[in-house]
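Protein chains in written order, with full-length UniProt numbering: chain Y, 1 to 294; chain X, 1 to 412.
None of these hints come from the bench; they were simulated from the model. Using N, Cα and C, we set each Cβ at its ideal position, and we do this for glycine too. Check before you lean on any hint, since a few could be wrong.
To be verified - Part of the chain Y face toward chain X, derived, beta carbon under 8 Å:
no., residue
1, 116
2, 196
3, 223
Said to hold, decoys possible - Simulated DEER-style distance windows between Cβ atoms:
no., chain 1, residue 1, chain 2, residue 2, range
4, X, 380, Y, 113, 42 to 48 Å
5, X, 207, Y, 156, 36 to 42 Å
6, Y, 3, X, 408, 57 to 63 Å
7, X, 400, Y, 3, 51 to 57 Å
8, X, 228, Y, 4, 23 to 29 Å
9, Y, 126, X, 194, 32 to 38 Å
10, X, 334, Y, 115, 20 to 26 Å
11, X, 121, Y, 156, 55 to 61 Å
12, Y, 112, X, 89, 53 to 59 Å
13, Y, 275, X, 366, 54 to 60 Å
14, X, 401, Y, 57, 25 to 31 Å
15, Y, 126, X, 164, 49 to 55 Å
16, X, 380, Y, 271, 49 to 55 Å
17, X, 408, Y, 126, 36 to 42 Å
Single-letter residue listing:
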Amino acid sequence: MAEFLQQVLNGVSLGSIYALIALGYTMVYGIIQLINFAHGEILMVGTYIGFFSITVLGLDLFSSLILSMAGAAVLGMLIERIAYKPLRNSTRLAALITAIGMSLFLQNTGLLVLGAEYRSFPQVIPNIQYRFFNGQVVITSRQILIFAVTVVMMVMLQYIVKRTKMGKAMRAVSLDKDAARLMGINVDTTISFTFALGSALAAVAGILLGIYYNTIHPLMGLVPGLKAFVAAVLGGIGVIPGAMAGGFLLGIIEALVSGYWSSMFRDAVAYGILILILLVKPSGLLGKDAGEKV
Amino acid sequence: MKFGKKLSLLLVILLIAGLVVGCTTPSGESGEKKEGTSESGEPAKETGEAAKVEEIKIGVNYELSGDVATFGKQTVNGILLAFEEINAAGGVLDGATIKPIVLDNKSDAAESTSVATKLITQEKVVVHLGAATTGDTLAAVPVATQYKVPLVTTSATNPKVTVDDNGNTREYIFRTCFIDPPQGIVGAKFAYDDLGARKAAILYDTTNDYSKGLAQVFAEEFEKLGGEVVAEEGFVKEDQDFRAVLTNFKNAGADIIYVPAYYEKVGKIISQGRELGIDAPFLGADGWDSPVLVEIAGADALNNTFFTNHYSPQDPSEKVQKFVKAYEEKYGETPSSFAALGYDAAYLIADAIERAGAADPEKIKDALAATKDFDAVTGKLTFDEQHNPVKEIAIIEMVDGKQQLRTKKMPE
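Please put together the full structure from these sequences, using the hints given.
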């Protein structure tokens with residue numbers, strides 16, 4: 001029982017990071033039906049902004065989070081303007097290939113500019129362990145931080161989407177772009193805003209990854225990016241609660257697979273789930289055939 | 001139509017002309033460069049034997065960036081220090097200076113192949129050092145064999161490096177480090193005899209031959225001694241999260257965890273393991289040897305961890321202390337075993353060139369193969385049939401983020 005609990009806890013920490021990244025995928029998909037494969041690289045850039053603001057500028061965790069969110073948001077909007085907007089009326093395949101190209105471009109630019117070595121992420125919060133059940137179940141302060149930050153971000157996102165004017169515009173654009181334009185919504189601004197929001201969340205996820213695993217690397221966005229994509233599809237791509245549920249679910253499944261079976265099967269199971277979902281219920285667990293898609 | 005044919009004919013002629021010009025220009029250039037150096041090609045050979053050699057080019061193919069960049073950088077530091085000392089002391093072969101050509105293989109096997117090719121075909125080196133890891137070295141081995149230029153690796157510990165698939169020794173490949181099996185055997189002996197461990201868990205990198213080989217040898221030896229392997233798990237290069245597996249190890253009651261992997265993963269594994277409340281010792285191999293390990297895992301988490309290594313800077317022998325002092329003066333840090341192995345390999349090559357009596361790859365190869373009781377920082381070195389040195393293995397303990405020599409053991 002204690003072992004199961006520990007494995008679930010391991011999974012929840014990992015899953016909350018997946019969920020944060022998946023939110024970015026899902027929002028962009030919801031609004032322009034594009035799978036933004038460069039999302040993992042936006043996360044990487046965000047992490048490095050956070051890293052340099054802590055190590056070079058000497059900022060605290062909160063200020064560096066804000067700075068890296070802002071930086072990633074600008075980068076996300078730039079990528080959308082330069083790479084995706086000109087292709088908005090071409091086939092979805094063209095946009096998808098551009099996204100993959102953008103991802104590779106950012107990875108290699110990262111390797112060139114930042115160097116290929118692993119850097120250790122500064123220990124910004126004290127690492128305290130809390131033990132339960134005779135020390136059999138351990139939660140660390142980092143895991144609590146990750147979970148707490150994720151929940152706060154999710155609540156803020158839900159507030160923006162459900163309660164603000166911009167959120168209403170996002171929902172309208174995702175439903176019908178042309179009709180939204182007729183109603184006086186500035187579609188371009190709304191799409192830019194969606195990219196900014198998703199990218200800022202990716203930056204937070206990246207910094208949490210840095211804190212959780214101690215190291216950062218220019219290719220660090222690749223695997224979490226793919227996993228978050230699986231999580232988004234699992235929960236139903238284009239559906240915000242789906243991305244959260246998918247992220248948590250995938251994290252827990254991965255922890256249980258490596259805990260009770262073998263860690264060598266973990267990735268196989270994760271990508272197997274992607275195939276299974278696409279075959280059986282392509283709209284995902286929480287996906288509907290119609291309705292709001294932001 | 002007619003015009004089209006003429007045009008295409010013209011184009012073909014132009015293309016052929018371009019090819020011819022393209023071929024001749026570079027060799028013409030290198031012909032000019034040849035003057036004064038002893039490079040291959042007929043005229044150079046004659047002058048090389050008649051006149052005195054002034055400069056001997058030695059290739060250095062290392063991981064200066066990428067996953068294991070600290071291995072490469074430290075090794076190259078050791079190599080350059082040794083060559084500097086050798087040149088300052090009058091060089092080799094009656095005053096010829098050694099000119100190391102250092103190239104970065106970016107911790108990438110494909111890159112290592114092309115670096116080796118470039119060193120041999122363009123730079124015309126007579127002998128070639130590198131690389132730091134087994135994978136990157138194996139990528140350079142076919143090139144060295146094909147062009148018959150000896151290659152000395154400093155830290156590739158997998159047996160396959162000097163022996164081909166049919167069990168024949170590769171004529172042109174040598175190394176200054178011990179191979180994996182003795183390291184795994186010494187690790188198992190230390191765990192069983194010195195630490196009193198009876199239940200071992202093993203976590204290794206399945207994408208890495210070095211890691212896989214050590215895991216296997218350790219498991220065999222530990223069970224032969226009477227211990228039990230209670231859990232064995234693999235991971236892949238991209239993995240970052242080991243908490244699930246470590247939770248398993250904890251519940252399996254392992255009293256030692258063997259992690260034969262590189263420092264970047266090891267750092268994460270140990271810090272995550274300690275977070276989960278694992279107090280058992282972690283044990284590893286020479287892939288741990290990097291100051292970055294302490295940065296990633298933290299000094300506290302590393303207490304009660306051990307690894308087998310090539311040498312210890314605390315070794316009181318005069319040879320070791322002289323090297324440590326020279327290295328600290330030049331680079332301002334304590335030399336790791338990679339630096340020591342690089343230093344040894346550089347001296348070994350200079351010694352082999354001296355014994356060969358000429359800067360000729362074929363003769364250097366024979367001199368290297370005949371090496372006996374060569375006095376190196378990492379121990380007295382004699383090559384066995386398979387070009388592997390037989391020597392003692394040091395066991396290092398991490399104490400408050402510092403390496404300390406715990407003991408030395410012979411594999412047999």
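- Task: Classify the hint on residue 116/Y as holds or violated, based on whether any CB of chain X lies nearer than 8 Å to its CB.
- Result: 4 Å, holds
Residue 3/Y and residue 408/X, beta-carbon distance inside 57 to 63 Å?
This hint is violated: roughly 40 Å between Cβ atoms.
With chain X as the partner, please determine if residue 223/Y meets the hint condition of a C-beta pair closer than 8 Å. 5 Å, holds
Is 36 to 42 Å respected by the C-beta to C-beta distance linking residue 408/X and residue 126/Y? 39 Å, holds
Tell me if the beta carbons of residue 275/Y and residue 366/X are separated by a distance inside 54 to 60 Å.
58 Å, holds
Falls inside 25 to 31 Å, the C-beta gap from residue 401/X to residue 57/Y? 27 Å, holds
- Query: If you check the beta carbons of residue 112/Y and residue 89/X, does the distance land in 53 to 59 Å?
  - Reply: 40 Å, violated
Outcome for the supplied range 55 to 61 Å, where the beta carbon pair is residue 121/X and residue 156/Y:
For residue 156/Y against residue 121/X, whose Cβ atoms are near 60 Å apart, the range 55 to 61 Å holds.
Holds or violated: the 42 to 48 Å window for the beta-carbon distance between residue 380/X and residue 113/Y? 46 Å, holds
*residue 126/Y and residue 194/X, beta-carbon distance inside 32 to 38 Å?*
34 Å, holds
Point to revise | Beta-carbon spacing of residue 228/X to residue 4/Y - inside the hinted bounds 23 to 29 Å or not | key: 25 Å, holds
Self-check item: C-beta pair residue 400/X, residue 3/Y: status relative to the range 51 to 57 Å that was hinted
Solution: Given range 51 to 57 Å: violated, Cβ gap about 32 Å.
Hints 2, 6, 7 and 12 from the earlier list are contradicted by this structure; the remaining hints agree with it.
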